Amino acid sequence: MEKEVKKDIVLELTHVSKSFPGVKALDDVSFQVERGTVHVLAGENGAGKSTLIKIINGIYTADEGDLIIEGETITTHNPRHMKSVGVATIHQELSPVLDLTVAENIFLGEQPKTKLGSIRWKKMYDDAQKLIDGLGFQYDAKRLMRTMTTSDMQIIEIIKAISVNAKIIIMDEPSSSITEKEVKVLHEQIRKLKAQGISFIYISHKMDEIDQIGDMVTVLRDGKTISSDPVGMIIKDQIITRMVGREMNNIYPKNEAVIGEKLLEVRNFSRKGNFSGVSFNLRAGEILGMAGLVGAGRTEVCRAIFGLDDREAGEVVYMGEKLDIRSAPDAIKAGIIYLSEDRKLEGLVLCRSVSENIALANLRKYFRGGFLSRTLETRDASEMVTKLNVKTPSIKTSAGALSGGNQQKLVIAKWLLRSPKIFIMDEPTRGIDVGAKYEIYKIMCDLAKQGAGVIMISSELPEIIGVCDRALVMSGGKVTGEVSGEDMNQKKIMQFAVGGLE
Amino acid sequence: MMGKEKTKFNLSEFYSKFGIILILLFMVTIFSLANRKFISANNIRNVIRQVVVITILACGEQLMLISGMVDLSAGTVMAFGGTLSAYCVFATQNVPLAILVGLAGGLFFGVINGALITIFSIPAFIGTLASMKMASGAIMWYTNGKNKSNLDDAYTWLGQGYIGPIPVPVIIMAIALLITYYVLAWTPVGRNIYAVGGNLQAAKATGIRVRNTQFFACVFSGLCAGLAGIVLMARLNSGQPSTGQAGMEMDAITAVIVGGTSMSGGVGAIQNTIIGSLIIGIIKNFMNLQNIHSSIQDIVLGILICVAVIIDVQVRRSKV
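Chains as they are written, first to last, in the numbering used here: chain A, 570 to 1071; chain B, 426 to 745.
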């Protein structure tokens, strides 16, 4: 652009490459971060974003290429050194000490001490408050961390980083675990810090967010930089196209299944404090959405249907027959499957291989003549890996080595092998890139076409509207509305979601 | 691009596959050079005989550790089952009955452990600690701490006899190892054990009956302890309740960990545990040959545990 204005580059990567056994994670990547800006990194899972970050924060060393911070080429590659030159990373999953105060969290491990080694409490609180005020925030240093929202905790984490002189802050998908309102707060705070010369590298999958917060956007694909443009010079579709490497005319596939007879009837599900009187139907070939705000009770109801958690009242009728589901194995036997919203915690055994994870729900089937058939297991696993387009070096790789989207596909593969009749998917596309999202929607449509019923819990309205035939809206543990056809729009759903204003 | 990278030599992967065997070979080489007696056929047979009891206990601990638990009671349950079995053969001369009694003694505490852990949700560490005390107290009370020696020949054959050139206890150990290998590698319950140890929440959400799986591991460990007790008493030609105080469960746990099984569960293989058990066996044997004081031996074994776990942690870290 304008050559005359000399840019103030705070961080620069030049021709960086990094390989792991079996994959070239980064291939000749270059990019620059200007002081006081937010540089968004976009790309599908496995595109190389996390590798890039780990090179910047010193966890990995690049095979080739240089990392330059404020004009100095970094030669010592370890996390402590990178911290000392001002790089801080705010991870997706925060780990604040909830029962300590804001100030204690900020100064954790670095508390001001007297000569005898005891903590100077007053100085610590004063310093913390001064720091918070100085940055223009409104937090009380004495407040308990537990009483803060997730976005506030993210800000505290940033303040903590700044307290040790961080200049470049890497935020790994900060918006994936917070509500839309919180995202707005977070963005506001980031803008404040930007104005004070702090630079951000911001990873996000959400297109809207790039517009809202980004100054520059760099798209990575297959370990290469595809483009690097000022936000505003590039439109949403272009970013998506570049991320997936093909035109994305259709973000949502169409459910072409013929909706058949009633498959499932949930009657009057209740558990004190969580949900009450929840009843609904699901038909064969139907994709039913469950919308609502976080904490509306959707997950709780579905877990209870699956038998993972208890219920106090309510029955499940499957094709006219009452089921007695007391635990997950009962539900699975009946063909009712629940895909947890937390794939790491409840989906996969990360230390075991891809094939073992895929086989895990189906071991009976492979147990032939007293032995687990490795042949059958390998055949099914390979077939699933190909069918769902899971990117993995081999089926012997441990599940923990795969990226988020591919891990999600593994969990889905595990359940598809059980040929579910009713598949409840809880936030199946959270934290997953556009390409993989499409593939997951496609799987849902395929299931519907085969006559199964699909329930999708989602907090993202566009995907509910785009994929589902009908949607239930929950609020405060109750079903407050049901929408379909023309009625299925953001406004209507939100009205029900905030408590049903009809 | 992919194929080229694959041929690249990967140290940590190589280590996790073959490292422990190399360490064993290395030790055997060094020890043989240092002491001629070490490599004699007689001594080798000695080593193997010495590791038999520990290895059988280790079979049970293997399942416990992989599923994320630990069995502290294995040593005293071994003494409990073994001594009952020896007393039984002394009184009745009925060897099959004595074997059944020994196994039943192990099974009994396996069931108690299983119940404590799965029904009452007590952590394995505490539950098996309680059983350890109970088994030890029970057998000391029953026997008044007295040994019963001169057992039936058919019984001592289990600990001292030979089939061809192979000692009978070694054959029993081999059978225990084979069963453990079969369970872990070739049955659904084995896979479930890995899954429960690797990620209990995920196992539960996948419809694995977590409690049944844990119960199975406890019972299996109890049975192994009973079997180890029978073999031990048969070798000693006497029922010795005090063998429970020797802390053999700790040696067994050490063997499993030296063999690369993670204390946090989900990872491990019985093949490596055999090597772990042999490594401990030859180190002990070598130190005995060199007349090293038993206190020093303990220090060396302590260091060995540290080294094994440090290597394990490093390998795991470099993998991520």
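Because the hints were derived from the structure by calculation, they are not lab data.
Note that the structure is predicted; figures quoted are calculated from it, not measured.
The beta carbon of each residue, even a glycine, is placed where N, CA and C say it ideally should be.
A few of these clues could be false.
[Claimed, not checked] Between beta-carbon pairs, the in silico distance windows are:
1. 951/A x 611/B: 43 to 51 Å
2. 662/A x 672/B: 47 to 55 Å
3. 664/A x 688/B: 29 to 37 Å
[Unchecked claim] Derived coverage of chain A by chain B (criterion: at least 3 residues anywhere in the stretch with Cβ under 8 Å from a Cβ of chain B; other residues may be distant):
4. 901-910
5. 915-924
6. 936-948
Going down the list of hints, with the structure as the test:
no.: 1; hint: 951/A x 611/B: 43 to 51 Å; verdict: 20 Å, violated
no.: 2; hint: 662/A x 672/B: 47 to 55 Å; verdict: 41 Å, violated
no.: 3; hint: 664/A x 688/B: 29 to 37 Å; verdict: 22 Å, violated
no.: 4; hint: 901-910; verdict: holds (count 3)
no.: 5; hint: 915-924; verdict: holds (count 7)
no.: 6; hint: 936-948; verdict: holds (count 4)
Hints 1, 2, 3 from the list above are not met by this structure, while the remaining hints are.
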